[in-house]
Amino acid sequence: MESAAISAVAIGRRYGERRALDGFTLEVPHGAVFGLLGPNGSGKSTFVGLIAAMEAPDSGTLRVFGEPPVPALRARVGTVFQENASDPLMTVNDTLWLAGRLFGVPRATARERSSSLLGVFGLADRAEDAVSTLSGGMRRRLEMARALFHDPALLLLDEPTTGVDPHERRALWSALLDTRGAGRTILLATNDLAEADAVCDRVAFIQSGQVKATGTPAELKRGLKREAIRVVVQGLTTGQLARVEQAAGDGRVVAQDEVLHITVDDAAAFVPRLFAIAPGAIRSVSIEQSSLEDAYFRHVGRQQAIGAGSPS
Amino acid sequence: MSAASACAALFLRDLRGVVRARSQLYSSVFTPLLFLVFLGNGVSEGLAPSKLPAGSFTAYLVAGSVVMTSVFSSTFSSASFYRDRDSGVLRMVLSSPHSGRVILIGKSLAGVAIGTIQAAAVLLIAAPFVEFEWQYGLAAGLAAALLTVVLLNVLLAGLAQALASRIQTMQGFHLVMNLALFPLLFFSGAFFPVDELPAWLQAMAYANPLTYAVDALELAAYGANGDAFIGLGIDFGVLGTLAAAVYALGLARTPRLTWSGQ
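Chains A and B are the protein sequences, given in the same order. The first sequence lines up with residues 26 to 337 when you count with our numbering. The second sequence lines up with residues 918 to 1179 when you count with our numbering.
It is worth saying that the hints were derived from the structure and are not from the lab. Where is the CB? At the ideal position from N, CA and C, for every residue including glycine. Please note that a few of the clues may not be correct.
Per label pair, the in silico range of CB-to-CB distance [as the list claims (entries may be wrong)]:
{"hint": "1", "chain 1": "B", "residue 1": "Met1087", "chain 2": "A", "residue 2": "Ala149", "range": "32 to 40 Å"}
{"hint": "2", "chain 1": "A", "residue 1": "Ser140", "chain 2": "B", "residue 2": "Ser919", "range": "19 to 27 Å"}
{"hint": "3", "chain 1": "B", "residue 1": "Arg1083", "chain 2": "A", "residue 2": "Ala196", "range": "37 to 45 Å"}
{"hint": "4", "chain 1": "B", "residue 1": "Gly1148", "chain 2": "A", "residue 2": "Arg136", "range": "49 to 57 Å"}
{"hint": "5", "chain 1": "B", "residue 1": "Pro1115", "chain 2": "A", "residue 2": "Arg43", "range": "51 to 59 Å"}
{"hint": "6", "chain 1": "A", "residue 1": "His55", "chain 2": "B", "residue 2": "Asn1095", "range": "49 to 57 Å"}
{"hint": "7", "chain 1": "B", "residue 1": "Pro1100", "chain 2": "A", "residue 2": "Ala155", "range": "37 to 45 Å"}
{"hint": "8", "chain 1": "B", "residue 1": "Arg1083", "chain 2": "A", "residue 2": "Pro93", "range": "22 to 30 Å"}
{"hint": "9", "chain 1": "A", "residue 1": "Ala133", "chain 2": "B", "residue 2": "Val954", "range": "48 to 56 Å"}
{"hint": "10", "chain 1": "B", "residue 1": "Gly1154", "chain 2": "A", "residue 2": "Ala81", "range": "36 to 44 Å"}
{"hint": "11", "chain 1": "B", "residue 1": "Gln1085", "chain 2": "A", "residue 2": "Gly48", "range": "26 to 34 Å"}
{"hint": "12", "chain 1": "A", "residue 1": "Arg39", "chain 2": "B", "residue 2": "Pro1115", "range": "50 to 58 Å"}
{"hint": "13", "chain 1": "B", "residue 1": "Val936", "chain 2": "A", "residue 2": "Gly56", "range": "38 to 46 Å"}
{"hint": "14", "chain 1": "A", "residue 1": "Pro93", "chain 2": "B", "residue 2": "Leu1055", "range": "52 to 60 Å"}
Whenever a hint applies, use it, and build me the whole structure from the sequences.
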């Protein structure tokens, strides 16, 4: 078996003058839940489209299960698009029936799988209802069931929980991870850093069509060596603020009204120094662990924050 | 996971869609029938056309009404391409292992089935009210009429599906279909015989594929009294060749969508 489910080396893809992907290099291991994180327009969806063989790269080498992505490979790939892709006039059962026929699922298997997936995704009692009568969260669950219907080895999820409330989101991921058979690889393109932190084994930060960093969420956070300190102050003088900034060294100090946001490598060591610099001005201090979001901002930059880019 | 199975699935899915949304079924059949009743009786009574091969204008209009039904049906059926694109279904189908061509063929075959059933329904509903002569006998006449309707619908549904996959908006599609098909309908012999027209209009009529469908239907249902008819052999030859050409050329360029549906 090849070592990587997806291997991309120096992929380039242009739309007219715009470079959607530029020297994009990435390896997705077999069986991983892999997150592609980046602002809108960073190239996530373009890359996912290349894997699904809906588009072809202009340059570079792309392999999916060791083969170039061609339409026949789609038989091993399930896709959940950012928007729903089910006919609102069809019933839930008919939607799965169509997916089964298109992906060559034998009739007997289709019946069994339909019943099982509708149970897992909580749609068993809506099987004969038209898709148009389902709630937004139910439709997303149906999309997941449809994408999994032919038991794909690779599942491509493009912003699968957009517009889904937190309760539905948890139910959806729980159901999805329940169906994760041995060896199924999941590629998740998302803007939701907390979601990626919770479900992904590995992530890649994407910006301007390039991979800026990749690793497990823990590795990326550990790489930060940074901790955030939130200090509420009263009567802090300009001179004291300057000394705090000097003490932070290559850390970062942002003053906002009566709150200081300080990022340093070792918060526990820094806090006593704060009290030494401004003993009477400090009202409260709290230390926060670095999140994947902190790691993201470090690699991608705050000016390219999620949601700040143009639509992809 | 054969292409035929995928084609059949899309065929059945479109067919079910039309059966569920009954408005298309009714409008495609009843509009030509209303045409037949009001225009046919009005002209027959008011103008008493004596040169018509069918004897009355109502009977004469039957062939044209069947062709008109096929035109309407192919337009309506192919417009489902836009609904599929906008609802995301097309993207889902294109993410399957099958080529876009299989998808277009499956959808156009559904259009053929729907158009054929509707056109045959118009013919059968009109039958008790007009006197068909069935010059080749009832069975052979019906078979010839049915073959004509099938070939015509293969041609029109293929053409409409090919246009739908190339034209970006549904409004543009309807505009092109109306601009292209209505003049063809007028100069096909559907509403008036073409053999008495000026030479340039006759030339247009003979370059018009619908003329051959009208001719074949009239030959099948009535008698060949005079030299006005083209002949079943030529009619089937022209319709069959054009239908094959539409599938070979028109559906060769398949719809392309990016991942984001653009």
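Against the structure, the hints come out as follows:
1. B:Met1087 - A:Ala149: 32 to 40 Å: 36 Å, holds
2. A:Ser140 - B:Ser919: 19 to 27 Å: Given range 19 to 27 Å: holds, Cβ gap about 25 Å.
3. B:Arg1083 - A:Ala196: 37 to 45 Å: Once the Cβ atoms are compared, 42 Å apart, the range 37 to 45 Å for A:Ala196 and B:Arg1083 holds.
4. B:Gly1148 - A:Arg136: 49 to 57 Å: 53 Å, holds
5. B:Pro1115 - A:Arg43: 51 to 59 Å: Since B:Pro1115 and A:Arg43 have Cβ atoms about 56 Å apart, the given range 51 to 59 Å holds.
6. A:His55 - B:Asn1095: 49 to 57 Å: Since A:His55 and B:Asn1095 have Cβ atoms about 54 Å apart, the given range 49 to 57 Å holds.
7. B:Pro1100 - A:Ala155: 37 to 45 Å: Given a distance of about 40 Å, which is inside 37 to 45 Å, the answer is holds.
8. B:Arg1083 - A:Pro93: 22 to 30 Å: 28 Å, holds
9. A:Ala133 - B:Val954: 48 to 56 Å: Because 51 Å falls inside the window, the suggested range holds.
10. B:Gly1154 - A:Ala81: 36 to 44 Å: Holds, since B:Gly1154 and A:Ala81 (Cβ atoms, about 41 Å apart) stay within the stated range.
11. B:Gln1085 - A:Gly48: 26 to 34 Å: Roughly 33 Å apart at Cβ, these two residues keep to the hinted range, so it holds.
12. A:Arg39 - B:Pro1115: 50 to 58 Å: 55 Å Cβ-Cβ, so the 50 to 58 Å window holds.
13. B:Val936 - A:Gly56: 38 to 46 Å: Between B:Val936 and A:Gly56, where Cβ atoms are some 44 Å apart, the hint holds.
14. A:Pro93 - B:Leu1055: 52 to 60 Å: 59 Å, holds
Checked against the numbered hints given earlier, the structure satisfies every one of them.
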